[in-house]
Amino acid sequence: MTSSYVIRGASILGASPADLFVSDGVLVDSAPSNAEVVEADGLVALPGLVDLHTHLREPGREDAETVETGSRAAAMGGYTAVCAMANTSPVADTAGVVEQVWRLGREAGLVDVQPIGAVTVGLAGKQLAELGAMAASAASVRIFSDDGSCVADPRLMRRALEYVKAFDGIIAQHAEEPRLTEGAQMHEGEVSTRLGLTGWPAVAEEAIIARDVLLAEHVGSRLHVCHVSTAGSVEVLRQAKARGVRVTAEVTPHHLLLTDELAASYDPVFKVNPPLRTAKDVEALRAALIEGVIDIVATDHAPHAVEDKECEWAYARPGMVGLETALPVVLSVLGEQWDLIADRMSRTPARIAGLSSHGLSLRPGEPANLTLVDPAARRVVDPSGLTSKSRNTPYAGTTLPGRIVATFLRGEPTVLDGKAQK
Amino acid sequence: MIKHLLSAADLDADTATLILDTAGEMAALAEREVKKLPTLRGRTVVNLFYEDSTRTRISFEAAAKRLSADVINFSAKGSSVSKGESLKDTALTLQAMGADAVVIRHPASGAPDRLSSWVDGSVINAGDGTHEHPTQALLDAYTMRSRLGKLDGLNVAIVGDVLHSRVARSNVLLLTTLGAKVTLVGPPTLIPLSPGAAVSYDLDSVLPGADVVMMLRVQTERMQDSYFPSAREYSRRYGLDAARMRRLPEHAIVMHPGPMNRGMEIAPEVADSKRSTIVEQVANGVSARMAVLYLLLGGKA
Ligand SMILES: [Zn+2]
Chain U
0 MTSSYVIRGA
10 SILGASPADL
20 FVSDGVLVDS
30 APSNAEVVEA
40 DGLVALPGLV
50 DLHTHLREPG
60 REDAETVETG
70 SRAAAMGGYT
80 AVCAMANTSP
90 VADTAGVVEQ
100 VWRLGREAGL
110 VDVQPIGAVT
120 VGLAGKQLAE
130 LGAMAASAAS
140 VRIFSDDGSC
150 VADPRLMRRA
160 LEYVKAFDGI
170 IAQHAEEPRL
180 TEGAQMHEGE
190 VSTRLGLTGW
200 PAVAEEAIIA
210 RDVLLAEHVG
220 SRLHVCHVST
230 AGSVEVLRQA
240 KARGVRVTAE
250 VTPHHLLLTD
260 ELAASYDPVF
270 KVNPPLRTAK
280 DVEALRAALI
290 EGVIDIVATD
300 HAPHAVEDKE
310 CEWAYARPGM
320 VGLETALPVV
330 LSVLGEQWDL
340 IADRMSRTPA
350 RIAGLSSHGL
360 SLRPGEPANL
370 TLVDPAARRV
380 VDPSGLTSKS
390 RNTPYAGTTL
400 PGRIVATFLR
410 GEPTVLDGKA
420 QK
Chain L
0 MIKHLLSAAD
10 LDADTATLIL
20 DTAGEMAALA
30 EREVKKLPTL
40 RGRTVVNLFY
50 EDSTRTRISF
60 EAAAKRLSAD
70 VINFSAKGSS
80 VSKGESLKDT
90 ALTLQAMGAD
100 AVVIRHPASG
110 APDRLSSWVD
120 GSVINAGDGT
130 HEHPTQALLD
140 AYTMRSRLGK
150 LDGLNVAIVG
160 DVLHSRVARS
170 NVLLLTTLGA
180 KVTLVGPPTL
190 IPLSPGAAVS
200 YDLDSVLPGA
210 DVVMMLRVQT
220 ERMQDSYFPS
230 AREYSRRYGL
240 DAARMRRLPE
250 HAIVMHPGPM
260 NRGMEIAPEV
270 ADSKRSTIVE
280 QVANGVSARM
290 AVLYLLLGGK
300 A
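Chains U and L are the protein sequences, given in the same order.
Each residue of the first sequence is one higher than the one before, starting from 0 at the first, in numbering that gives the first Met the number 0.
Each residue of the second sequence is one higher than the one before, starting from 0 at the first, in numbering that gives the first Met the number 0.
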């Protein structure tokens with residue numbers, strides 16, 4: 000295996016072309032001897048992307064995704080680190096399970112897999128999981144989330160927020176007031192009325208975020224809000240941030256692009272939780288991401304087996320794969336604002352997750368975690384062409400800009416010429 | 000002619016009128032001694048019922064048989080359906096059987112839409128979840144037109160649990176297409192957002208101007224979900240009793256898609272009054288469904 004590379008003529012964050020030199024896992028200031036040349040003419044170099052919200056499905060649903068296949072999909076999408084959500088089977092609510100996921104990630108070696116631990120035992124929302132044990136484990140868990148379920152009990156949420164202060168932890172909340180979303184199938188509005196699908200009202204998200212920012216403020220803890228989906232949530236976050244609450248928030252690529260009108264096909268490939276919202280919400284989310292009220296883009300990559308999607312809408316599992324299309328979608332939404340993209344998809348998520356070797360500037364001395372993007376390429380999304388084990392992309396047939404040409408993890412290519420290297 | 004009938008929105012005014020006119024011809028046929036038409040001889044109509052609805056299934060079965068079609072009943076009980084076979088696999092089976100039309104009743108909204116992407120034959124929605132029940136709307140429109148002579152300009156009040164009613168959704172769409180003015184009446188908890196029609200929370204104020212009052216079935220279980228406090232309070236505010244019926248204009252009719260909760264949304268003396276169309280709705284159901292099968296399967300009017 001070569002360990003020295005010259006990446007020739009890459010445009011770092013859109014600046015004038017320059018050569019990048021990689022040796023022994025780090026960026027260096029001059030061409031190493033015996034370096035392999037990677038032509039990067041016309042390509043933009045970004046720090047390797049970091050996903051704060053990935054469902055890798057292992058253990059439990061290896062038919063939909065494994066740590067390895069999900070890691071490969073991530074690398075193909077330009078990622079060098081992903082945070083693996085805890086709603087596996089068994090749930091990642093013990094040191095044993097998070098260490099298992101962490102080890103599988105190391106063995107795959109395609110991205111850094113940082114496990115997220117469950118907040119409550121079995122995601123049941125009743126009793127705190129052993130957060131400290133997960134923090135002290137080899138996986139060094141810092142983010143805790145019951146994602147898929149909301150930590151709805153206000154007292155439990157308060158305790159969780161307080162408890163993780165001991166190890167600078169953060170609670171990532173899936174904001175969904177469960178009583179307001181019983182049986183919910185899609186965004187509550189004109190389209191849900193027309194389709195006869197039970198509505199998921201925006202207020203069910205906004206009410207939890209409002210409560211949680213107040214709790215976080217009260218106990219002085221860090222709160223992260225997963226997949227913000229409504230214009231009203233943006234306003235709650237804006238006010239909280241203005242008061243100095245330690246809250247960060249993410250938006251998914253699909254909530255930046257797609258609307259609830261897509262449910263009219265009843266094709267569950269468009270079923271996701273939180274649901275696709277209205278054009279007005281999409282507009283507010285885009286503005287909030289640019290403004291920084293929403294800090295980052297996170298994929299909520301949620302692979303599902305064919306039988307869980309090829310069925311009636313109400314019976315389908317919610318979720319969409321997203322790792323391989325995230326950057327193209329964000330590029331289509333933000334345009335070639337490379338520094339902004341690097342901030343929202345690499346620097347800030349790395350900082351929130353405490354991943355100190357990711358999201359760094361591409362300069363000598365730093366770990367060579369980077370991705371090369373061809374901004375001029377256009378690609379029609381073909382589900383069968385995805386690297387993920389699952390096919391549930393909502394973008395089938397959509398033309399998206401940008402192609403990930405290469406990804407380097409600690410100086411070794413995980414993707415070259417658009418092909419996974421292992 | 001359209002291929003599938005998944006939603007009342009699939010019907011423009013001309014198509015809907017053609018179906019109603021054809022239903023009229025079918026009703027005339029029912030008066031004859033020989034009640035069968037050879038039109039669909041050799042064609043296969045499958046009744047695919049994932050919900051118990053003997054009334055609707057029998058209505059479709061009678062309609063198909065009067066058109067001489069072969070009818071296969073595929074019900075959720077005692078078939079592979081209840082063993083968890085997926086809708087797609089069932090669709091492939093029906094496809095292999097050469098079904099020309101599949102009449103589907105399903106508890107999940109949109110199931111007929113899904114089915115239509117997996118079979119070549121026509122799909123007719125016989126009620127899907129809380130979405131639509133377009134043939135019910137057709138038979139209701141047919142009944143109104145028979146009794147009142149027209150649909151254009153009629154004031155129709157649809158009263159009750161609009162939120163969960165597929166009958167209401169299909170009726171709003173079809174009646175609006177045909178020029179009637181629909182007002183939805185019920186407690187605010189049971190009226191959906193943006194319902195596509197006028198809304199009133201006060202039944203008494205709507206009745207004097209109504210040509211048609213359609214009472215929807217209200218399930219008492221809705222109380223548990225706090226949609227309303229009690230059956231008694233519901234009935235007092237939104238039930239159609241004899242006193243309320245007297246507020247209606249002389250010519251106005253009272254409809255109910257059945258099955259009724261007598262004493263809840265409708266008083267027995269109202270259900271059995273001469274204004275009530277409840278019995279003829281059943282007969283009209285067969286005619287309307289004959290018209291739909293006839294036209295969708297390529298019969299010429
Ligand atoms: Zn979630």
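These are calculated hints, taken from the structure and not from any lab test.
It is possible that some hints are incorrect.
To be verified - Listed below are several chain U residues computed to face chain L (Cβ distance under 7 Å; list not exhaustive):
{"no.": "1", "residue": "A123"}
{"no.": "2", "residue": "L196"}
{"no.": "3", "residue": "T386"}
Stated by the list, open to error - Quick list of simulated restraints, FRET-style, between CB atoms:
{"no.": "4", "chain 1": "L", "residue 1": "D69", "chain 2": "U", "residue 2": "E306", "range": "28 to 36 Å"}
{"no.": "5", "chain 1": "U", "residue 1": "P153", "chain 2": "L", "residue 2": "T53", "range": "18 to 26 Å"}
{"no.": "6", "chain 1": "L", "residue 1": "N72", "chain 2": "U", "residue 2": "Y314", "range": "21 to 29 Å"}
{"no.": "7", "chain 1": "U", "residue 1": "V305", "chain 2": "L", "residue 2": "E24", "range": "54 to 62 Å"}
{"no.": "8", "chain 1": "U", "residue 1": "A395", "chain 2": "L", "residue 2": "E32", "range": "55 to 63 Å"}
{"no.": "9", "chain 1": "U", "residue 1": "G396", "chain 2": "L", "residue 2": "R236", "range": "21 to 29 Å"}
{"no.": "10", "chain 1": "U", "residue 1": "P89", "chain 2": "L", "residue 2": "S229", "range": "52 to 60 Å"}
{"no.": "11", "chain 1": "U", "residue 1": "L339", "chain 2": "L", "residue 2": "M0", "range": "51 to 59 Å"}
{"no.": "12", "chain 1": "L", "residue 1": "G257", "chain 2": "U", "residue 2": "A286", "range": "47 to 55 Å"}
{"no.": "13", "chain 1": "U", "residue 1": "G396", "chain 2": "L", "residue 2": "D151", "range": "40 to 48 Å"}
No experiment lies behind these values; they were computed from the predicted model shown.
For glycine and all other residues, C-beta sits at the position ideal for the given N, C-alpha and C.
Quick rundown of the hints versus the structure:
no. : hint                        : in the structure
1   : A123                        : 23 Å, violated
2   : L196                        : 5 Å, holds
3   : T386                        : 26 Å, violated
4   : L/D69 - U/E306: 28 to 36 Å  : 31 Å, holds
5   : U/P153 - L/T53: 18 to 26 Å  : 48 Å, violated
6   : L/N72 - U/Y314: 21 to 29 Å  : 23 Å, holds
7   : U/V305 - L/E24: 54 to 62 Å  : 46 Å, violated
8   : U/A395 - L/E32: 55 to 63 Å  : 56 Å, holds
9   : U/G396 - L/R236: 21 to 29 Å : 50 Å, violated
10  : U/P89 - L/S229: 52 to 60 Å  : 45 Å, violated
11  : U/L339 - L/M0: 51 to 59 Å   : 53 Å, holds
12  : L/G257 - U/A286: 47 to 55 Å : 51 Å, holds
13  : U/G396 - L/D151: 40 to 48 Å : 42 Å, holds
Violated hints, in rising order: 1, 3, 5, 7, 9, 10; the structure is consistent with all others.
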